[in-house]
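To get our numbering, take the position in the sequence shown, counting from 1, and add 34.
If you're looking for bench data, these hints aren't it; they were derived computationally from the structure.
Check the hints yourself; a few may be wrong.
Now the in silico label distances, taken between C-beta atoms and shown as ranges [as the list claims (entries may be wrong)]: (1) D124 with E95: 15 to 23 Å; (2) V405 with E242: 48 to 56 Å; (3) G344 with D272: 15 to 23 Å; (4) E159 with G440: 53 to 61 Å; (5) T290 with S77: 13 to 21 Å; (6) V405 with D306: 38 to 46 Å; (7) P166 with S77: 30 to 38 Å.
As a list, the in silico SDA-like pairs of lysine to any residue whose alpha-carbon atoms are at most 25 Å apart [claimed, not checked]: (8) K70 with N83; (9) K106 with A82; (10) K106 with A421.
No residue lacks a Cβ here, since even glycine has one placed at the ideal position from N, Cα and C.
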Amino acid sequence: MKLRFAFAALVILTSSISSFAGPKGEVFVPFTGSPKQIDGDFSDWPLANYTTIAQQPEFPEGQGVGEPTDAKGDHIVFDIDRIGPFNGTDPIAYEPEGPSDYGSAVYFAYDQNFLYVLGVFIDDEAFGFRGPDGLSNFLNDGFEIFIDANNDTDDLIAEIAFPAIDEEEPNLDDFQFTMGLNNEFPAPNPGPNDIGVEVHMERAGDFEVIKEGYLEIRDSTDFSAVGGRDVAARTYDDLRAAGATNPEIVANPGATYEGYAVEVAIPFGIVDGFEPTHSMGFDLFWRDVDIPEDFDEFDPQGDAKPGFGGSGILWADWNHAETVSGADEDGNLFHGGNWGSLVFGSQLAGDLNSDGAVDVADIDLQATWLVGGAPDVAAADLNGDGAFDVGDRVYLVETILNTFLGDANLDGEFNSSDFVAVFSAAEYEDAFESNSTWAEGDW
Numbered sequence: 035m036k037l038r039f040a041f042a043a044l045v046i047l048t049s050s051i052s053s054f055a056g057p058k059g060e061v062f063v064p065f066t067g068s069p070k071q072i073d074g075d076f077s078d079w080p081l082a083n084y085t086t087i088a089q090q091p092e093f094p095e096g097q098g099v100g101e102p103t104d105a106k107g108d109h110i111v112f113d114i115d116r117i118g119p120f121n122g123t124d125p126i127a128y129e130p131e132g133p134s135d136y137g138s139a140v141y142f143a144y145d146q147n148f149l150y151v152l153g154v155f156i157d158d159e160a161f162g163f164r165g166p167d168g169l170s171n172f173l174n175d176g177f178e179i180f181i182d183a184n185n186d187t188d189d190l191i192a193e194i195a196f197p198a199i200d201e202e203e204p205n206l207d208d209f210q211f212t213m214g215l216n217n218e219f220p221a222p223n224p225g226p227n228d229i230g231v232e233v234h235m236e237r238a239g240d241f242e243v244i245k246e247g248y249l250e251i252r253d254s255t256d257f258s259a260v261g262g263r264d265v266a267a268r269t270y271d272d273l274r275a276a277g278a279t280n281p282e283i284v285a286n287p288g289a290t291y292e293g294y295a296v297e298v299a300i301p302f303g304i305v306d307g308f309e310p311t312h313s314m315g316f317d318l319f320w321r322d323v324d325i326p327e328d329f330d331e332f333d334p335q336g337d338a339k340p341g342f343g344g345s346g347i348l349w350a351d352w353n354h355a356e357t358v359s360g361a362d363e364d365g366n367l368f369h370g371g372n373w374g375s376l377v378f379g380s381q382l383a384g385d386l387n388s389d390g391a392v393d394v395a396d397i398d399l400q401a402t403w404l405v406g407g408a409p410d411v412a413a414a415d416l417n418g419d420g421a422f423d424v425g426d427r428v429y430l431v432e433t434i435l436n437t438f439l440g441d442a443n444l445d446g447e448f449n450s451s452d453f454v455a456v457f458s459a460a461e462y463e464d465a466f467e468s469n470s471t472w473a474e475g476d477w
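All chains should be modelled from the sequences, with the hints used to inform the complete structure.
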């Protein structure tokens, strides 16, 4: 038996509670053992561990309501050839005028209390001048997220009173969050690069959720159920130096990219079913605003760059949406059959196969990943050091299982009974690579 260790990764998939699942791809959400600091500084996000883009096919091949795409990964990125332009946006307007014109990568994580979202934006114009009361936050730079909490939405969610989400099944658990830069919502005690940002629930099938928290939700210090800020944004003169791994930055090592980052924490439980115990329907779209300084913020027909859509905004959807209303189903932003899924990793530390227990099967699975590799380092990094290696094997055995390397029968002791099991298997240090399990001496 020979074992060679290599960097690898893990994907843990939780089961869905519904037969319908957002068919337009899956985005894996790793569990984080410690809460994220919501401050716009993404140095506490192990971005190097997010290795696989959930990449849609080239537009418009991903359209077709209910027709699945093979997008699967641990983060999403803005790709001009793979987004759906809507609200009158002409993709030609996204053609870059310089290296920092526009780009975005969006990452997810979660703990027992929150879904965390990080957007890292390449953008030389961080625009947050409109919507001073927060009611029109969608007029500024940012992004928006649709959630189908119980993953059961397979219809148009706004058939009754568009754009309000229908207050009936299966849409009562559907909701939409808007994150946007907003100069009127500065950070408490802002630093030199902190910029104003605001988050609110734009619409929901359960209207009581909006009625009860509509104004409070706009207060960046009150939204969190357990204290702390719910949203923060910060500008960066050099995203690469800050640790950003957007594809454009990686592909062009000699270029300097400026931009901003938005962090948000969305509390679980705000809608029935919004818990990380199952996959959820999901979609995300971006907003980019590049408007001259003399643009009248109250004039939606102001002088915008050619090709911009409604209100002088570039609108782009991850799942190829190009319409928002009407009876059309294919490519409709408001149809659950055009959404993807968020898939949550196991909360039980060391439960690598997500069977609800930490045992010898997880040790053996970990050994397979250490040798052969898998797509997500973040979930396999049990000791939180930013890498997946033999240190995670030691952490699984000694810290999580609270036993010893060599405890073949996992009885909490390393003694002669373990040698009996290993020698009976007769595979210890034989001539064959990776043919043994933990119980057979693969420690």
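Structure-based check of each hint:
Between D124 and E95 the Cβ separation comes to about 19 Å, which falls inside the hinted range of 15 to 23 Å. Evaluation of the 48 to 56 Å hint for V405 and E242 yields a pass: the beta carbon distance comes to about 52 Å. Here the CB-CB span from G344 to D272 is close to 33 Å, at odds with the stated 15 to 23 Å. Evaluation of the 53 to 61 Å hint for E159 and G440 yields a pass: the beta carbon distance comes to about 60 Å.
Remark: the range hint 13 to 21 Å for T290 to S77 is upheld by a beta-carbon distance near 19 Å. One distance hint, 38 to 46 Å for the beta-carbon pair V405 and D306, holds here, with the actual separation near 43 Å. Evaluation of the 30 to 38 Å hint for P166 and S77 yields a pass: the beta carbon distance comes to about 31 Å. Restraint check: the Cα-Cα separation between K70 and N83 comes to about 16 Å, which is no more than 25 Å; the hinted pair holds.
Restraint check for K106 and A82: satisfied, since their Cα atoms lie roughly 17 Å apart, inside the 25 Å limit. A threshold of 25 Å between alpha carbons decides the hint, and for K106 with A421 the separation of about 21 Å falls inside it, so the pair holds.
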